Each structure stands twice: as structure tokens, then as C-alpha cells.
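**Student:** The hints should help you fit chain Y onto chain S, whose structure is shown.
Which chain is which? The protein sequence lines are S and Y, in order.
Mapping to my numbering: the first sequence position 5 is 5, numbers consecutive.
Mapping to my numbering: the second sequence position 198 is 198, numbers consecutive.
By construction, these hints were calculated from the structure, which means they are not laboratory data.
Treat the hints loosely; a few may be bogus.
A few chain Y residues that face chain S, going by a derived Cβ cut-off under 10 angstroms, partial list only [claimed, not checked]:
id, residue
1, Gly21
2, Arg118
3, Ser125
4, Pro127
5, Leu129
6, Leu256
Owing to the predicted nature of the structure, the values given are computational and were not obtained by experimental measurement.
Virtual Cβ for every residue (Gly too), placed ideally from N, Cα, C.
As a plain string of letters, each chain reads:
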Amino acid sequence: MISYVVRRLVLSIVILMGVSVLTFVLTRVIPSDPAMRWVGKHASPEQVAAARVELGLDKPIHVQYARYLSGFFRGDWGVSIRTHRPVLKDILAYLPASLELILAGMIPALLLGIPLGTLAAAKAGSPIDHTTRFLVVLGVGMPVFWLGMILQLLFFNVLHVLPLAERLDTLVKLLHPIRTITGFYLVDSLITGNFTAFVDALRHIVLPALTMAAFPLGMTVRMTRATMLGVLNEDYLRTARAVGHRESRVLIRYALRNAIGPVLTVAALTLAYALVETFLIESIFAWPGLGYYASKGISTMDYPVIMGITFLVAIVFVSVNLLVDLALAFIDPRISVN
Amino acid sequence: MLERLSQLGRFLRRDPLMTMGVSWVLLLVVVAVFAPVIAPYSEDAVECHVERKLEGPSLTHFFGTDELGRDVFSRVILGTRISLTVGFIAVGLALLVGIPLGVVAGFFGGWIDEAIMRTTDIFLSFPPLLLAMAISAVLGPSLPNAMLAIAIAWWPWYTRILRGEANALRHRPFVEAARALGVPQWRILFKHVLPNCFVPVIIQASIDFGSILLVTASLSFLGLGAQPPIPEWGLMISSSRSYFLNAWWIVTFPGLAILFAVLALNLVGDGLREALDPKLRHIKK
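Bound conformation, chain S alone (with noise of 0.2 angstroms):
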């Protein structure tokens, strides 16, 4: 168990090391002149010859990466082109508004796709199942974006009861405002008594957070299917039945506590995709978090805040990655031995 533990560790520092790598490649080798970018395009070329000093982009290419990389490790992940606040001050002031998004989309979508796909997986072959699978289809393959500018013309265009975008009403920012403790509106307006604000901040997150739910509910329900799918013949589950349980019992508690390990992966994984979705969600519904962030940086072409977000991302997903590994080793011995 602690071999495989270390080895498993060992592994996601060194593919950490690569994503450095090619962040690396894509921010100062692929650039035609990264100088040239820095001071602009009506610069002379005094400045620009000093900005590739300034930048280190005169020293080889090997003493480049290593400053690069320490950089990472000290907290200094470049500086925004745009805002010139250092990107890693910006990143960490943005991320609380996207959890709080994300997690109000993926506990539903968790709760409500994992029933859904045992359902489905429980009546296999009939209308609940083709049903089911044409949904999750529909969810998996809706463009987000699109989603929630529908989402938003239905609900605030033509029945009026919620709200465009952002996380607040001016008037409610203004007269009620909210204690930052943890950053996410919800949790911060409820512990400080703040229920006007608690209300209008849910209002506000009602419409993304059911753009962001499209899709993990989807993930969720076609891969609680397929598992349970691949449970359903096996034989426990038929001496289960022979010895006289009830089909739900049978289902949920030996079924799906079998299926459910893969489900929570995917679940996991998706997480990190999520991430990404932000970039798209948030910039429609102005939602003031790490994705609007990056869609502004990528719009203004402010490569060393995509190429931080790239990173953060990419180490999100491999630590995600690796507690989800770490924990099925924990819970299921053969993983280990293997």
C-alpha cells in the first residue's frame, strides 16, 4: 500500500514537472517574440532589445525554463498584461465565486444522476432507458454557452422572475452588503444573518448553476448506467435476490455500493472540467469568477494569465486525479497490488 502510495506520488510530480514543460513551450518558445508582445507593437527597438533583458529572454533556453519553474514554486506566475496585478493574486481573489458556482451545480447533478442512472440501468432496454439515454445525450452534447443565454432569455426575458447575471443586485450590494469570510456569497450571508442578501444571491445563481449542471448530470447518469450495467449479471446479486430481498434492496444496497466507485471518479474528474466551463458560463452571465477572468484574458490575448489558468488547471486535475486514485487503493486492496 505505501509502495503503490509513493509511486503513485512520484508519478503525478513528474507528470506535473511535464505540464510545466509545455506551458513552458506554449507561453516563450511558440510566441513568434514574446519582447515584442510585452512592450507592444509601436515600441522601438531599444525597448523591445530591453525588454527581452528584462524578460530573460537572452539567456538560454534551459536557464529560462528553470527560472520559469522557480517562479511557479515562489508564487510568481508573471503578471497580468492586462490588469498588471500579479496573475497568481488575481487567480486566488476570482476562485471563490467559481466554487461556490460549480459546487451549486454539481451536488444536484450528483444527486439527481445517480438515482437516474440506476433507474435506467435497473429497466435496461426499455422506454425509461431509451428515455434516459436521450437525455443524458442531450445534456452531454447542449454547447453550454448556448444553454445559458436560452436559460437566460426564458427565465428574465419572457417570464421575469429571475434575475440576468452577476452574484447580486446593485441596490442589495449597496444596502445589504456581505461580509466576505469564505468568499462564497450562500454560506457568508447565512452565517452573518444577512438574509436579504442570502435570497438575492441565490436568485443570482439559480440560472448558472443549472448552465453548469447540463453537463455532469449527464457524465453522472451515463456512467452510473454503465457500471451498473456491468454489476447487474454478476452472481452475488442473484443469490441477493434468491435468498429473497427486495429488488430496491438488491439494487441499492449491493448493486450501487459496487458501482459506485468508478461513478465517484468520473464524478471527480469532472470537476476539473468544470473548471473549464466557467470560461464559458461565467462570461454570459458575468459572473465575477476565475472563468470570466480567463475569457477576458483570452480576449485581450493576456497570455500569462491563460497560461496560468492552463497551469492551476492542469494541477487541479492531477491532484484530483491522484486523491481519486489514492482513495479507491484505500477503500478496494486489489487496486494496490496491481
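**Tutor:** Showing chain Y alone in chain S's frame:
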């Protein structure tokens, strides 16, 4: 292989979703091929008509007109050709890189295998949309660069699948026999190993086609793919953003087109997997 194909035929009849998907894909291909003929205003791909901007759907303009007076229906039809072409080329490029690398890794093993697979690990530690975004941001926003970026983000998936297949075949009796008879390595690779690896990778590629369409649209939506005035679906939605609250048709129809295309392709991919995945096969007998 032949046996599997005939199974596929039987599944087509039994799986209504698959049948629906196949007919939708055929429809898409026909529309893409004859797009300039079908589109009533095919010059609207580039030309503006400010005098008729933001008109609602009518008999002359089925899907209305956009903020520059262009016929949305024509642009959606013309966009079919663009999306399918981009998807096809991107998947093709990814397969072109992924298949040889995978088969070489799996067949030869050793340090070649190790080097190739650790490289795929690095690429696979990014969600594909993110890597495609970062690469096309670096290459500069354009449709060909978006295709290239998607291919760069996608090849490791095929390498991984092919490697597994080739590795499993390496010690099968017919390969050992060929080796014992003194058949050169590369000949074994091309004649005996490669042809037997294709089915899973084809399934995966057909499943991925829909996702790649979606990624292309997302890149264009973020300004990293097609540039105006190309009638690309994602770009059409993106440029409708300032007007869509007063003109629902300019956002709704391009999105429905994406949804329709992705749905069709995913239904086919999903159906193929159901039909050919040996783990799921026995259930539906």
C-alpha cells in the same frame, strides 16, 4: 470484423436511438455537401444588408435576419459544411498522429513505449477544451489554428487506446507465428497488428466527433476559432450576444444546429459503443 459488422446491422434495427442518429448524420452530410444550393441567400455568408437587420422569422427569412441583416437560415446551412469539415479534419489529424505512435508504443514496448506514454500522460492532464484554448491562443485565433489545436489536444486519447490493443496482440499466437517464420518486424506491424486494432479506435473517434464539434463552437464563441464574417455556429452565437434579448432567433437557431449535429453524432457513437462493447453486449439479448 465481418461478424462484428453484421452484429452492428442487427443492432441498428433493434436500437431506435442509433437508427435516428444515423439518419440525422446522413441528413447533415447531405446539407453540408449541397449547402450553397440549399441556402436561399448563399451570398449572405459575407454580405451585409443593413436595411433588413434583426427581422423576425418570416416566409422570406425562415430563421429571421441577424444584426447585419444577413439571413440566419442561410448562415446556419452554410455553417453545417464548416463544422463538419473542421470536425473531420481535426479528428483525422489526431488519428494520423495518435495511431502510429500508439501502435509503435504497444508493439515495441520498452523505452519507446515508456517515452510515448509518459508524453500522453502530460497531454491528458489537461481537459481537452482547455489545452485547445491555450494552444489556439498561442497560435493566434483562426479556424485552421483551432483545428490544429484540437488535434494536438486529442491525439493522446487515440495513442492510449491503440497502445493497449497493440500490446495485447503482441503475444498472440498469430503474431508469434509470423515472428517465428521470420517475417520482418515492420511487416508484422502493418500486416498483422495494425488491422486488428482499428475497431475500438473507430468507435472512440465517432464518439469524439460530437465533442470536437462542441469544442470548435466553444473556441469560436470565445473568439479563438472562426473569425467574422465566417458563418460558424459558435461565432454566430457569440456575435449575437449584444442583441439576443430582443431577437431570440439569432441565438436560438445556430444553437439548435449545434445541438442537432452533436446529438446526431453522439447517438451514433453511443449506439456503436453499446453494439460493440463486449461488456455490455450480453445484456440486451
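**Student:** Next, verify each hint and record whether it holds.
**Tutor:** How the hints compare with the structure:
1. Gly21: 9 angstroms, holds
2. Arg118: 7 angstroms, holds
3. Ser125: 5 angstroms, holds
4. Pro127: Proline 127 of chain Y check passes; min Cβ-Cβ to chain S is 5 angstroms, inside 10 angstroms.
5. Leu129: 5 angstroms, holds
6. Leu256: Nearest chain S Cβ about 9 angstroms off; hint holds.
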